[in-house]
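> Keeping the supplied structure of chain A fixed, place chain B upon it in accordance with the hints.
These protein sequence lines are chains A and B, in that order.
Letter by letter, the first sequence follows residues 1 to 375 of UniProt numbering.
Letter by letter, the second sequence follows residues 1 to 375 of UniProt numbering.
The hints are simulated quantities; they were obtained by calculation from the structure and are not laboratory data.
Careful, some of the hints might be misleading.
No distinction is drawn between identical chains; accordingly, a pair holds when it is met within one copy or between any pair of copies.
[Said to hold, decoys possible] With a straight-line cut-off of 25 Å between C-alpha atoms, the simulated SDA-like cross-links for lysine to any residue are:
1) 364 to 113
2) 177 to 326
3) 124 to 111
4) 274 to 84
There are 2 protein chains.
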Amino acid sequence: MPSEEIKSLSLPVGWKCYRSPEGQKYYVNISTKAVWQRNGSFDDASCLSPQSPGSTSPARRQNKEKEIKETKITINCVTFPVPASALEQQLLKPSEWSYCDYFWADKKDPQGATVSGFEVLLQKQLKGKQMQKEMAEFIRERIKIEEEYAKNLSKLSMFPMAAQEEGTLGEAWAQLKKSLADEAEVHLKFSSKLQSEVEKPLLTFRGDNFKKDMKKYDHHIADLRKQQVSRYAAVEKARKALADRQKDLEVKTQQLEIKLSNKTEEDIKKARRKSTQAGDDLMRCVDLYNQAQSKWFEEMVTTSLELERLEVERVETIQQLLRQYTTLRHETDMFNQSTLEPVDQLLQSVDPAKDRELWVKEHKTGDLRPVDMDI
Amino acid sequence: MPSEEIKSLSLPVGWKCYRSPEGQKYYVNISTKAVWQRNGSFDDASCLSPQSPGSTSPARRQNKEKEIKETKITINCVTFPVPASALEQQLLKPSEWSYCDYFWADKKDPQGATVSGFEVLLQKQLKGKQMQKEMAEFIRERIKIEEEYAKNLSKLSMFPMAAQEEGTLGEAWAQLKKSLADEAEVHLKFSSKLQSEVEKPLLTFRGDNFKKDMKKYDHHIADLRKQQVSRYAAVEKARKALADRQKDLEVKTQQLEIKLSNKTEEDIKKARRKSTQAGDDLMRCVDLYNQAQSKWFEEMVTTSLELERLEVERVETIQQLLRQYTTLRHETDMFNQSTLEPVDQLLQSVDPAKDRELWVKEHKTGDLRPVDMDI
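Just chain A, same shape as in the assembly (with noise of 0.2 Å):
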């Protein structure tokens, strides 16, 4: 996309302005070809006096011209490299894709409004203690699940069918049906021991300060941002302020030259003395705004990295509790088999010989055998 002429502004004579594909605008001055930008570098004095700070001879003016390029731009009033000039920067933690590296530009969200990497940041970390919340939630539905069926276990292992069934055969039996007792206790512990191992642990190990360090984590880095809006309004001020001062000695300059006036020499020094002062004070603000930038920096890299470990613990946290869960499921599994044993083994016993002799002395009627009647 080509930079396109902005036509609308007022501008001194001379002057261009012109937007970038980034969206910024500078301006070029069309006899000297000096680009000027809001934000950026420029060597003023090279173009419009050869006192100012930086000023230099007309030659070296000409090789400036061609060396001044766009190589940073400033937005939302963060000052970054432009991306072609930021070759030689090196991310803080290479390879380790680090929440310190990739969260320093703002960014829209859906809606259009501007949020900040470190709000993105910050809203990862509130979701992640909302997925803990949800991920209890279910454990807790399944503990409802496991006690409806200790519940209906329980219940069914104490109905009386086949009750009157006797002998080796009526003990297996007794013994299945009291091992739905058995199989109701072992559900009735997994869920227990799901809400103390697995459900508590979710709710709790993020405590309510968890927001409100998040909070001041918030905060925290929203005023150093607006420190730095307020330097940058500093500094754009200053900066228009040396402009206006630089034109005035310009103009009075160009008149001393044609004799348009009756300005001596000493208006002429005046209007140089008060560029000078309004080059310094554009010199203190530049100061002031990469100081509140600096600060801005340092505690997004620390909050940041805060936030990033805050995360793997988050993540280990779970994978901890989550592996409990199936650590308890395996368990449970195991107790339901040996439920079973004693099962097993009256079924094995089982002994219908057995079982008639015990029915057979209990329920016989006379063992003596029928005999003719004699005469």
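Here is chain B on its own, set in the frame of chain A:
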């Protein structure tokens, strides 16, 4: 309990009537000490007439008086040896507690009604059918519980809790939720097999024909007893007729000796002939009775052994079906364990660094770090 004399009967002169501890009436001739039982062996002739069947010399008579004891007893028209004289009777199937050895006598139920030994065996079989029906109901209840459990697990597996969790942790969580659906499948399969491999066979392995067969046995055996009863009545009648004939002979003989009447030798011979005939009738009736009893006896042995076989079959079949139940339970617990394998694997693979990389790649806002603004 000693025998008690029953004084109320009008007996021939010289006879007394007693009741045995078992409740049987028997008669004693005071002078000869001959014992006569309505249903026992009795050498009538030796007491009343030297020419009736089995007549003996007085000497022999004396001996026999000492030898004649109660050796048999008829209860409800079935003739048994008196316990003391049954020492040589051995069980048909010793050491087996076989049905055919222990259900000869009738008994009284709690309400005082007479119940045959065979009926006790029959009731046992009918009760067995009731037992298997109740066991099937129990299994049906288990099936319902399993289906409810499966339905609940299946529903929960589809709840959206923490669906937004991403990366390796998100995958593990998603698999954990899915494992509930897998568990539901396992329990559905369990309930399905319970139905086809345990419940259904319990309901059907004795078909409706079973009750019909039992009824047939019942009626057949009951008919044979009825025949025995009617033959026994005939014996009683014949005994009485013989007693009458013998009394008549005795009276006529006495009268001849004391020249009490003008009865001739011819009259005596006629009376003696009638007595002999009555004796023959009695022999025939006793013979028919013994045949009827034998028929019943044989049918009892055959049928009770069949019931015994059926009972063994019932116990073994139920044992096998209940073993199938425990096999299915074992299977279920194992299949249930295996639903955790993919979950365990994915939990193993949870990697906070990888998840950070994935998330940062998707959500990063900018990796260029801020730089100082230039003037």
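> Now tell me, hint by hint, if it's right for this structure.
Here is how each hint holds up against the structure:
When the C-alpha separation of residue 364 and residue 113 is checked against a cutoff of 25 Å, the pair qualifies only between copies, where the shortest distance is 17 Å, while the shortest distance within a copy is 95 Å. Within a single copy, residue 177 and residue 326 get their C-alpha atoms only as close as 28 Å, which misses the 25 Å cut-off; across copies the closest is 12 Å, which meets it. Within a single copy, residue 124 and residue 111 get their C-alpha atoms as close as 19 Å, which meets the 25 Å cut-off; across copies the closest is 82 Å, which misses it. Within a single copy, residue 274 and residue 84 get their C-alpha atoms no closer than 37 Å, and across copies no closer than 149 Å, so neither meets the 25 Å cut-off.
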